[in-house]
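**Q** Using the hints provided, position chain B relative to the given structure of chain A.
So the sequence lines, in the order shown, correspond to chains A and B.
Taking the working numbering, I'd label the letters of the first sequence as residues 748 to 1003.
Taking the working numbering, I'd label the letters of the second sequence as residues 155 to 407.
Please note that the accuracy of each hint is not assured.
[Stated by the list, open to error] If you want the footprint, here are the derived chain B segments under chain A, 3+ residues with CB under 8 Å:
{"#": "1", "region": "204–214"}
{"#": "2", "region": "231–237"}
{"#": "3", "region": "249–261"}
The set of hints was computed from the structure by calculation and includes no laboratory data.
All values reported here derive from a predicted model rather than from experimental measurement.
Ideal placement from N, C-alpha and C gives every residue a C-beta, glycine not left out.
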Amino acid sequence: MEAIQKHFFSDIGVMFGRSMRHIFRSMDTIITVTIMPIAFMLLFVYVFGGAIQSGADNYVNYLLPGILLIAIASGISYTAYRLFIDMQRGLFERLHSMPIARSTILWGHVLTSLVSNAISVVVIILVALFMGFRSSAGVLSWLAVAGILALFTLTLTWIAVIAGLSAKSVDGASAFSYPILFLPFISSAFVPTKSMPPVVRAFADNQPVNSIVDAVRSLLAGRHVGNDIWIALAWCLGILVVAYVFAMRVYKHKVS
Amino acid sequence: MQNTAIQVKGLQKSYKQLHVLNGVDFEVKQGSIFALLGSNGAGKTTIVKILTTLLKQDSGIAAVNRFDVALKPEHVRQSISLTGQFAAVDEILTGRENLIMMGKLRHLNNPRQVTEDLLHRFGLTDAANRRVSTYSGGMRRRLDLAMSLVGKPHLIFLDEPTTGLDPEARIEVWKIVKELADGGTTVFLTTQYLEEAEQLADRIAILHEGRIIANGTLSELKKLFPQAKVEYVEKQPTLEEIFLAIVGKKEEK
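Extracted from the complex, chain A is given alone in its bound form (with noise of 0.2 Å):
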């Protein structure tokens, strides 16, 4: 039906626009996704940060990638649990039974995902400007490091989506979100691997977000990228192909 291709993005805009208000209204998801990494800044750089030999001069510069991360981590956890509540509550029910796309509810969550998870990053860095953080990165270097961010976020987000959709708790919908958030800590973000055990370094080294907080580091600082950001894209990309497949599968099974 043309109509229905016709309303496709401004079905998806409705969709986007109500579950922003979601986020603006729930006081318990901005203080998650915007003021527990900005706590956790606080805390790393005046508490923690003395004693950490970064190799850096300034900590803030050294840690933001991870808290960025770590962000966007806990961020795609509220997407899981939107998604699963309007599962729950019947509302894909609602809008199956009418006349528009039926992915409009999925791209819906996925393009809030995006933007909300963009604000908070936004949010964040601005605030570690005011505790001095610097960059000397030009526009592209900070195209990149938007275009990784963004990155990660979508390949989260269809992970959350899976969780989302297979869960059979509110509390199962976000629980897939503590070993991702877990990974920024098993890598360079707080600290360089070279001071951790062997065994830890070598995962710390391999894992996907080691690259990415190595790229995003680089960026901002102007320095010379090296492959990292091309492991981190690998990654990034591989993980998201296989998230949005099995998502998509797991989509058609719960709507058929």
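**A** Below, chain B alone, put in the same frame as chain A:
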């Protein structure tokens, strides 16, 4: 068959080993209220889901407004509306925002005007700017019904519309359903309350063990039973009548 809203023939559906529907047949006339009566787990919701294109049958034919639900689901969705078993309302939005959202998704030219009309009609104008999480069960159900009516669907499916409601709210819902049918909308409703079917339906079908075991008007169904005997019994008010008398005549509003 010009005035047939729903046609179902030989409908079968199983979930793994469990045969939920074993050849269901019935028809619903346009503009009528059709009640599908059955106990919990009889398969009422399964039928609603198949007719509203949410679920595919294993075999048999189901047509809504003469469109086959399996072959032309997009056409079916154009003219129907579903009010599911649990009020599918957005708790975080206000009542007004919920209705405007539906108006936009139905691509109406004047979602705001339609919203105000429906708020007024369902007695929700005063609560329109409150979040739905603060609504009572009856208000939620009213909003849920109002959301289903956005865009004036010809055929509305109500899956157990009064389950979990208190007696006053139930009577309100009944009133709304009657008004809908008076306005020419076809209503397909499922219920486990005999009284509800008796109050509302032009035709009643009884679903039992995956088949329709009886289908007719109330008086036709009554004829299936032995001739009524005349007995003198003192009529005691039911607890529901007492309750309603005490709490006032809210339904007359």
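**Q** Each hint needs a verdict: does it hold in this structure or not?
**A** Hint check:
1. 204–214: holds (count 5)
2. 231–237: With 5 residues in contact (Cβ-Cβ under 8 Å with chain A), the coverage given for the region 231–237 of chain B holds.
3. 249–261: holds (count 6)
Consistency with the previously given hints is maintained throughout, with no hint failing.
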